[in-house]
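Visitor: Spelled out from the first residue to the last, the chains are:
Protein chains: 2
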Amino acid sequence: MVTRRGVVETPVFMPVGTQGTVKGILPESLLELGAEIILGNTYHLFLRPGHELVNRLGGLHKFMNWNGPILTDSGGFQVFSLGDLCSISEEGVTFQSHLDGSRHFLSPEISVAVQRALGADIVMAFDECIPHPSARDYVAASTARSTRWAERCKQAHLTDQGAALFGIVQGGMELDLRTRSAEELLEIGFDGYAIGGLSVGEETGLMYRVMEHTLPLLPVDRPRYVMGVGTPENLVEAVARGVDMFDCVMPTRNARNGLLFTGFGKISIKQAQYREDPAPIDPACSCYVCRNYSRAYLRHLYQSNEILASVLNTHHNLHYYLSLMSGIRRALDEGTFGEYRSEFYRQRGAA
Amino acid sequence: MVTRRGVVETPVFMPVGTQGTVKGILPESLLELGAEIILGNTYHLFLRPGHELVNRLGGLHKFMNWNGPILTDSGGFQVFSLGDLCSISEEGVTFQSHLDGSRHFLSPEISVAVQRALGADIVMAFDECIPHPSARDYVAASTARSTRWAERCKQAHLTDQGAALFGIVQGGMELDLRTRSAEELLEIGFDGYAIGGLSVGEETGLMYRVMEHTLPLLPVDRPRYVMGVGTPENLVEAVARGVDMFDCVMPTRNARNGLLFTGFGKISIKQAQYREDPAPIDPACSCYVCRNYSRAYLRHLYQSNEILASVLNTHHNLHYYLSLMSGIRRALDEGTFGEYRSEFYRQRGAA
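Protein chains in written order, with the working numbering: chain A, 15 to 365; chain B, 15 to 365.
I should point out that these hints are in silico values taken from the structure, not numbers from a laboratory.
One thing to keep in mind: the hints can contain errors.
The list cannot tell twin chains apart, which means a pair is met if one copy fits it or any two copies do.
What the hints assert, rightly or not - Think about it this way: if two alpha-carbon atoms lie no more than 30 Å apart in a straight line, the pair counts; the simulated DSS-like pairs of lysine-lysine are: (1) K280 - K168; (2) K76 - K280; (3) K76 - K168; (4) K284 - K76; (5) K168 - K284.
With the hints as extra help, turn the sequences into a complete structure.
Guide: The structure is reproduced here in structure tokens:
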């Protein structure tokens, strides 16, 4: 995938930098771990410190010292999930800040303007992420409105040179509405296509079914991005179904909660069994943390509520996710993805 | 100063690694910043995760991935300040853990054994840090007991090959008791001498007066260490009076509270005046943080309660302290300490 700030190898996992920082890790460490693109949250930066301030300081890249590509979400997801929603109209969404209760308005045009002020390399269309479960009528109306909003985003974005604009397929778990959403977005025409509204509490099988239905509707020569997904298993399965891009807070948020990813599954470092365990998190892992620290030490840091607990755990988990993706890319290049996927499950079964 | 883990250039500042980690910074970063020795806290590690566990895992150096020298305090200071003190006897101190209320006992012999189990390169004698103000009778009795405890520490330490043992001069603000304490410790004989019981709430002038009185009583061919001191001004003034070693939580703790050290004084990054300030913390500073981040960004991270706020602020503050000390050492080598001291104050006056 070519962005104005360089080429990104796909399939790719994007670490999430909610408030102008990927929590607990320096940008240089992200680079060392092989991160090629990160995600910034429009909603959070819009509220604090404000996109205009970030813009006056030279944009988000300079502000947070990350020179690689940045994709910004549209803010829609957080408006609907974090903010105190006041009203949705055809024009846009009025909501109260989760920080101080102040009242704000976001629309497709404002969202695009905010993302451009931040300096995003990939701008996401403003949409509603539909809760699950929702009545079919609501899903249909919301999806149709998101499509109209996507058209307005396209118009608002037309003058920008260089940044890409992605549309987001909605439609809930209703396959025919997914089809209609995809077709209408294709008609508008975007630089890439996301599938939104997944990983919102539905069963994993249903999530895969929606992916399997929707992905073939999207052009193979444009990036296909499943938003907010997911577990390591989700990533492997989604790649098998044709997904090119992912973002998820799971590696970073789990790290702060002491949940660590390994080739043989997830471990909770707070457990008493690791109290005196001299082994690294994952003996097969080559990351800085596994080369230098024991489970016993990491458990001690976690129990002691030390900053380094979050820092080291985050480093390891992001290494796990980014290595998983580079392994997948290598296997795809070598035509051995099937073996890679089998081995992935074999290791977990052996735990 | 020669330790079994290498030479330490003095005067030296030791970052404080309370719970087996210098809060908010990786050991590799400490090395990059020029830290040559760190301090570990016996009280904290004794309670959690336990010195025996640390010992079975190969000692504190291996546990926390720091291969340079480590000085451990005796635990006395924290027993008296953090723990819920139950009783002091000639034998030792019974106290309750500040973590879970569990009851523990520390004596000179146990403190030395704990420090040796941790693998300390410099072991501190177990003593009482006398509160200020205290009645002269109490100061006299406490100091005499600390001296008897120091003698027991010496006996307990005799079998150790390689680690150094430092005695600690007490005596409160009573100069004649300081004299007696120093003389009696010299008679016992230690590898280095600390001045304890300062920076406990007394006026700065009184602190300097006690230093000026006590330092000439201690041999110049042994390290002279003022415990728990202090501000940048304190360091400059104490060096002028002959002090070789310092430790203090100030750079790390202040960092976590958004207080940053600069050549022109201290700034509080949370202040509104930095909201949109594109300048680095200190335009004259060459550290990683000042080369890459604005005050506006650091304020945003602090306001957003982000982990990177503590990480970046800690890095800068430790860079400030360690650079201050390396500047002092260079000036001493070149015989220009007087000019260095004047320039230090000139810059602060210019702020």
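Visitor: Are there hints from earlier that the structure breaks, and if so, what are their numbers?
Guide: Violated hints: 1, 5; rest satisfied.
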